[in-house]
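Q: Dock chains B and C against chain A, hints included.
Line by line, the protein sequences are chains A, B and C. Going by the UniProt record's numbering, 375 is the number at position 375 of the first sequence; the sequence numbering is gapless. Going by the UniProt record's numbering, 129 is the number at position 129 of the second sequence; the sequence numbering is gapless. Going by the UniProt record's numbering, 190 is the number at position 190 of the third sequence; the sequence numbering is gapless.
Quick caveat, the hints were computed from the structure, so don't treat them as lab data. Check the hints yourself; a few may be wrong.
Unchecked claim - Pairs of lysine-lysine residues, derived as DSSO-like cross-links and limited to a Cα-Cα distance of at most 30 Å, are as follows:
hint	chain 1	residue 1	chain 2	residue 2
1	A	K224	A	K359
2	A	K413	B	K65
3	B	K65	A	K424
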Amino acid sequence: MLAFSLKSVAASAAIALASALPAGAVDLQFYFPVAVGGGAANTIQSLTDEYLAAHPDVKIDAIYSGSYQDTITKVITAARGGNAPQLSVALSVDMFTLIEEDMIVPFDDYLTSDEDKAWLAGFYPAFMENSQTGGKTWGIPFQRSTPVLYWNKQAFAEAGLDPETPPATWEEMVEMGQKLTKKDANGNVTQWGVRIPTSGFPYWLFQGLTTQNDVIVANNEGNKTNFDDPKVVEALQYLVDLSGKYGVMEPGIVEWGATPKAFFEGQTAMMWTTTGNLTNVRTNAPFDFGVAMLPAGKRRGAPTGGGNFYLFKGTSDAQMRAAVDFIQWITAPTQSAKWTMATGYVAPRPETWETDTMKAYAAEFPPVLVARDQLEFAVAELSTYENQRVTQIFNDALAAAITGQKDAATALKDAQAQAEAILKTYR
Amino acid sequence: MSRRHWIQAWLLLLPAMVFLIAFTHVPAVTTIWNSFFSTPRGRRPSVFVGLDNYERLVADPVFWKVLGNNLWFALGTIPISILLAIVMALFVNRQFRARGLVRMAYFTPTVLPLIAVANIWLFFYTPGFGLIDQILGWLGFGQTNLLGSPDTALPALMAVTIWKEAGFFMIFYLAALQSIPPSLTEAARIEGAGSWRIFWQITFPLMMPTTLFVSVNAVINSFRMVDHIFILTGGGPDNASSLLLYYIYETSFRYWDTSYGATLTVVMIALLCLIAIGQVFFLDRKVHYK
Amino acid sequence: MTGFDRHLQTFGALILAALWVLPLAYAIWTAIHPAAYEAHFVLNAPLTTDNFVKAWNAAPFARYFLNTFVLVTAILAAQFILCTLAAYAFARYRFPGRGFLFFLVLLQLLVMPDILIVENYRMIHSLGLVDTITAIGLPYAASGFGIFLIRQTFLTIPTELDDAARIEGAGPLTILWRVYVPLARPTYLAYGLVSVSHHWNNFLWPLIVTNSVETRPVTVGLSIFSTIDAGVEWSVINAATLMTSGPLLIGFLLFQRQFVQSFMRAGIK
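Chain A extracted, bound-state conformation (with noise of 0.2 Å):
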């Protein structure tokens, strides 16, 4: 009887090998949030498979988690409990945060080869920002965006502008604005000139100002925000007027969510959105309409967006190889090609944009070269230690100005205090 019961247990053991992967196989588990639409998550997917397909070795369990919030929600709580993944995209800005929680590890160990440093030099530097900090590389640029300006051409022909120059600068965008922005027999609004959503995290299409006012935010160690400097309070100004003084933006908080349709509806004659909008705004638009850079101030200026893939602590030497190898095949300029015409997301490596897909996809709908030339331009998103608290410090500054309960000065004022205190333990 016993032999019997020891004789099955092997029996059932070596049929759970033979059917389990070869040997030496390492297991990975990926969380990826989405943030543009159903479609992206089937399209990590398929991209997974392909890999999986080609590397029988290796077995990844792609979850997608949500949205970019309930992804870091669930990385750290995951983490916390022991049971961190090893990899995951999350937002760039996160990294501070991760950092200081200890739970990511840089790439620079997995990357020594002479090759792997080519491969890391041949990111656009502007996404690099967000993902190195004290000569570590942190993150590597994966669903990456930046804000652009859409418009209207039909709009701007029935206003009596070109219909194919948008506004290159803030007093042009003010005075468009003026002749878009078109009132009823009572006086009411029906089409506003322009929309710059700030709900949510309004900090970030706020960057745009900042920038193009040539000042930056957070420095690149995160730990001392420049909130309250003349120039922010400046920007901010020219965010408050253009509902008040100048009349041509939708007063009070503008929902994010609903600007696109918004925008579809003639409700705004121009629009400031990520470029992850793009296929949303080419399938839904009901008329001829115009991608750009945002307008000048003092110089161009957007911020960067979107998400990185982070190593997370804990996982074997194999893990990380495997991690990054698979990293390094999706960012590839075929994988990544068919990344960005499935999403909008800007391809973060320049070879990318020379293989003969994207060119053809260029050639046809040039908006997506857009946000590419514009990242000449771009700066950091702000990222600091302690992110999330401090850029809510931040947001709530804004809210207070442009729903007027404060002055631009005065809210920046106290943010800058606020953060202050937070951030002065980091340095």
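A: Just chains B and C, lined up with the frame of chain A:
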């Protein structure tokens, strides 16, 4: 009572207590415990800080703001939800055509998850082309921005909550109404009492246990229902529509300041205890369990 | 009641019904029309099933629905059993520690697992249950509210019934099952509705504790479409909402009479 009797009682309690203790009391105690420590960050271990977190709480303007918001939210949603629930139940407790459809209409909030329905309300509130603004537009009014203004953001959230809660509570009142013997109201009518008097002197007192049940639920929900905030306002503008649990979520799961989150949770626990004790004490004396 | 009164009430009922059904009506409108008609309510808008197809292809809603169904059923069953046993002990036994234990139960009525997510995740992880439907349900398996409610009902049942059953030789569990549970049916119904509604809606905890299609409930599945970096796609979100809530709504429409009657027959008091 005999020892066997005790053991029986304990055995009956055992399974439930294991779960309660494992998933509520132990975590609650560790939460209180954690509120006396600093938040552990990967590179900086947690240290005992005494009452520092509580001092910070007292000095935190956002805390006072969300606390105030939550009290307004509770005061604004609970009575109106309950009142509307009673009115709705009275409406559909009679025979009339389309009663089934009307009941279903009142029931919709119960089956549509708040997280999904918040998107629909987002459309209603959207300035310009949203439903409310379209209707106002026909009437000749200009645009509103209900979610984007500090004065109206919280009331807008309250409206969604009332929609959700009143439809849900209606079911309980409807059941309560149907269990009141018609002979009671008939007798009162014969004695010449008007509808209004019948309601206040017979119907309402008989529904008191339901009111207790519903109001305990309503109080708990007014501190628990935050799903729609995620989609509608994110607590903005400038925390004008943030509630206590949402702030706890933000603090613990966005700022990862779990110690301060624990401190806020302790306040929430204390607050809920106070309210519920008061409520049970106050209502229990008026409720006649049969 | 005068005829005028009656009409006024019917009118009021219809007005409120129209207001209450508005979100559902809007969901249906957007789900069956192309996205361009999300904000244009014109009668000649073309009909389409594209939104349902899109939503269906974007996520395995049938599976999510099944997960939610299993979850809600399991929680309800666990709560009924555990709460009934505990409520019976509190209602009919005198034993040392009773006051303290009942205080612990009342505490859980307030300190819901919803606000103890970090600590509970740790617990679930140490049990090795992350990413299981069991993990979503466990913290809710016993409910202070349920115990309190059922106990209140049990207290109203005359002890003479116990005594009669005991004389016939019935043990405590038999008495509980034969006498108490049937008499408390309305309480079970009312509590069941609260529980089902709560877990049908619950979002945050399942979001954190699940990782895969096999375990995610509907709410978490639906949040896929609520990620709004590229703007809200009302038509697809609403199609998905309808697909997952539709069965319940239709069920209510068909069975509402029986549903309300079974509430009524016993009458919650």
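Q: Taking the numbered hints from earlier one at a time, note which ones the structure violates and give those numbers from smallest to largest.
A: 1
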